[in-house]
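There are 2 protein chains.
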Amino acid sequence: MNKDYYVVIMAGGIGTRFWPMSTVACPKQFIDVMGVGKTLLQQTFARFANFCPPENILVVTGMAYRDLVLAQLPEIKPENVLCEPHRKNTAPCIAYANYKIHAVNPNATVVVAPADHVVLKEDVFSRVIEEAAEKASQNDWLITLGITPSYPNTGYGYIQFDSSKEIDPACPSLRKVKLFTEKPEFEMARTFVESGEFLWNAGLFIWSLKSAMKAFKEHLPEVDELFASGVGKYNTPQEAEYIQKVYLVCKGISVDYGVMEKARNVYVMAADFGWSDVGTWGSLYELRPKNADENTLVGKNIFTYDTHGCIVNAPKDKVVVLQGLEDCIVVETAHSLLVCKRDQEQMLRRIVSDVSEKAGEKYV
Amino acid sequence: MNKDYYVVIMAGGIGTRFWPMSTVACPKQFIDVMGVGKTLLQQTFARFANFCPPENILVVTGMAYRDLVLAQLPEIKPENVLCEPHRKNTAPCIAYANYKIHAVNPNATVVVAPADHVVLKEDVFSRVIEEAAEKASQNDWLITLGITPSYPNTGYGYIQFDSSKEIDPACPSLRKVKLFTEKPEFEMARTFVESGEFLWNAGLFIWSLKSAMKAFKEHLPEVDELFASGVGKYNTPQEAEYIQKVYLVCKGISVDYGVMEKARNVYVMAADFGWSDVGTWGSLYELRPKNADENTLVGKNIFTYDTHGCIVNAPKDKVVVLQGLEDCIVVETAHSLLVCKRDQEQMLRRIVSDVSEKAGEKYV
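So the sequence lines, in the order shown, correspond to chains A and B. Just so we're aligned, residue 806 is where the first sequence starts under the numbering used here, counting upward by one. Just so we're aligned, residue 806 is where the second sequence starts under the numbering used here, counting upward by one.
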C-alpha cells in the first residue's frame, strides 16, 4: 500500500431520481440500493481498502450529511470528512480536497471517485486504479477512466480518445483524450459506440496532486485562488470559517467543464469493471439479480403472486404483498410509498414536484 | 326516547378479509373503513343515539378489545362493555346480554345489531327500528330485519317470508318468516331474488327481553341454563369470574341456527336502508364514493397518475403515489402493504395465511 496514494470520495449529491428510496435528507449514496447490506458510500470506501491507508481517504459532502458519513464509515477520522457549506459542483469540491491533502502531503497521487456509482467487478477495478495511479504518479497527466460502452446509453457523457497512437506500449488501454461530450441523442450515441473511439465518462479521475493543482491554477484560476488564499488554515481551527466564506463566493462548476475539457494533458484509461452510475430505476433493475419471476426484491418480508418484472424496495420490518403487478417499481419507506410502471419512471420528476408542493418538502 | 329500549352491539368479530387494514389486533368494526372519520363501531353506536339512552347501549366484545371499545366510545360506561372470554358465535353473546339487561330491567325491548355493518340511509334505518321495537314491545314476536335484495348476492344468507298474508295492516312490511337459508349459489340466489319472497338476512334482531329469553330457554336450553345459573351475579363483582367459567364450557352456536330457525314466532320486517355487511373489498369499493377516475381514496396524501378503479387506504401521514394501476386494492398500514387486483381478492385468505406463517402472526 502506497502512503502517497490518496482517495477523494465525492458524496455531496442530493438526487431524487430514486424517490422515495432516496430523499434530500438521505440521498442515494447513503442507501443500500443494491440490497447487499452496504450503502453505495460504504461500497465505494471499501473498494479502496487495499489501495491506500484509510487515513488517506477523504469524503467530501454537504454539511447536512456529515453525521450520515460518520455513522456509515466508522473507520473514517472525523477530520477526513470535508463539509461543503454549499453545493458548487465538482470543481470546488476537488480544489478543496487538493489543498487539504497538499497541507499534509504535496507528493500525493489522488484518485477522485463519486460515492454513488456501482462497480460489479471489484478486482478489475482495483487493478485499473493501481495501474492508473502508477502512471499518474510518474507523469504530468490528468487521467480519467473511460468505460468501454456496451450499448448506446444516452444517459452518460462520452469521451473520445485518439485511436491513432498508443501512449505506453505497456498500457495499451491508455490513450490521449480528443473530446469530452455531453449526453448524446440516441443516434449520436449509436455512432459513438460503433466508432470504437468513444468511452463512457465514469467521472473517475487519477492524477498527481501537483498536476491537478497546476491544472486548476491554469484553467480555473478564480476557483484556485479562493482556496490558495487559505493555505495555512487547512487542518487548523480556522479552516471551517474560511471555507464558509470561500463557498459563499465561489462559482459552481464541474471539473469536466472547468478543467478536463480545457487541459491538453488529459488521458483516458479504457476499462470494463461492470460500472454504472445507477442513475435511474431502470438501470438499477438491470444491475440487480432477479428471481425466476424477473423480480428483484430488497426487503425481508416481500410476498409476490402473479407478479413479474418488478423492482421492489421495502424496509426490513414491513410486510409487502404484491399481486398481479407487471413491470413496476414498488418502493416503500417510512414516509412514502411509490408504485410506478418501470417504463414510466420519467414521471418521477413531476411526481416528486407534486409531492413536495402538496404534501410538503419533508417527503422528498 | 323509551327508557325500556336497549341495544346490544355485537363487536367481537376478528375477520381478516380486510387485511392489512383489519387485523386480529384491530378488526374491521374498529376501523374507519368508509373513510368518514368514524369507525364502524362508532357509526353503529351513533345510529342508536335517538333510539334509547346511551346507558342502555351494551357492547359485547372480546376481552382483548375492551380498551379499543372504551377508547372509541367515550360515551359508554365501562360496565356496559361486556367482555367474552372466548369467541362462541352469536347465541351465547346474546344470552349473556339478555341476562345482564334482565338484572336491571325485565321489561326491556332489545335491538341486537352487529358492530361492523354499513347503513347508508340512517333516517330510514331509525324509522324501521322504531317501528320494529314498538311491535316487539307489544307482541311475543322475534323480529328480524330483511333487506330487499337488489341483486343475487351470494355472500348473504336469505330469509323467505310468507307472502300470503299480512300480519298487521298498519305495517305491511312485517311478515311471518318461512325459512332461513345459508349463502346460496348464484343460480339459487337469482331464483330467490326473482321470486320476490326472499330478503337478505341483515343479522339485526328486535324483540322483547321476555320473548327472547323464552325462546332461548325453549330452543337452546343448554346455553340458557349456563347463563341462568348466574342470576344474582350479573352486575356484581362475581360476574367476571362466573362468565369466565361459563364460556369455558358453553358451546359456540349462532342465534340464527340455535334459535331463529327453530322458533315459530319469527317475523321479518322488510326494509331498504342502504345496508351492507361490507364483507369484502369489492363491496367496500361499491359502497364508497368514487372520483372521476373511479378511484376511492382514503388518506390525506394519495397521488394518482393513470390510475383507475382502485380502492386505496393509507394512513394520514403517509404519501402514497400510484402510477399506472388499474382496478387494484392498495392498502398501506404501519406494518404492511397490500397491492392486489380487485378481482383477485379471494386470494387474500391464502395471502394472510402465507404472511402469518412466514412473517409472523403479529402481521395479521
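Take these hints with a grain of salt, some might be off.
Note: identical chains are not told apart, hence a pair may lie in one copy or across any two.
[To be verified] Derived BS3-like pairs: lysine-lysine, alpha-carbon spacing no greater than 27 Å straight-line:
| hint | residue 1 | residue 2 |
| --- | --- | --- |
| 1 | K1121 | K1167 |
| 2 | K1095 | K1146 |
| 3 | K1121 | K1105 |
| 4 | K1105 | K1146 |
| 5 | K1163 | K1095 |
| 6 | K1121 | K981 |
| 7 | K882 | K988 |
| 8 | K1105 | K1056 |
| 9 | K1146 | K1121 |
| 10 | K808 | K1015 |
| 11 | K1163 | K808 |
| 12 | K1146 | K1050 |
| 13 | K1105 | K1163 |
| 14 | K843 | K1163 |
| 15 | K1167 | K1022 |
Hint data in this document are derived by calculation from the structure and do not stem from the laboratory.
Evaluation of the provided hints:
1. K1121 to K1167: both (22 Å within a copy, 15 Å between copies)
2. K1095 to K1146: both (17 Å within a copy, 23 Å between copies)
3. K1121 to K1105: both (5 Å within a copy, 25 Å between copies)
4. K1105 to K1146: both (23 Å within a copy, 23 Å between copies)
5. K1163 to K1095: between (35 Å within a copy, 21 Å between copies)
6. K1121 to K981: neither (48 Å within a copy, 58 Å between copies)
7. K882 to K988: neither (37 Å within a copy, 71 Å between copies)
8. K1105 to K1056: neither (45 Å within a copy, 41 Å between copies)
9. K1146 to K1121: both (23 Å within a copy, 24 Å between copies)
10. K808 to K1015: within (16 Å within a copy, 96 Å between copies)
11. K1163 to K808: Intra 52 Å, inter 51 Å, cutoff 27 Å: neither.
12. K1146 to K1050: neither (45 Å within a copy, 57 Å between copies)
13. K1105 to K1163: between (31 Å within a copy, 10 Å between copies)
14. K843 to K1163: between (33 Å within a copy, 25 Å between copies)
15. K1167 to K1022: Intra 40 Å, inter 63 Å, cutoff 27 Å: neither.
In summary, the numbered hints that this structure violates are 6, 7, 8, 11, 12 and 15.
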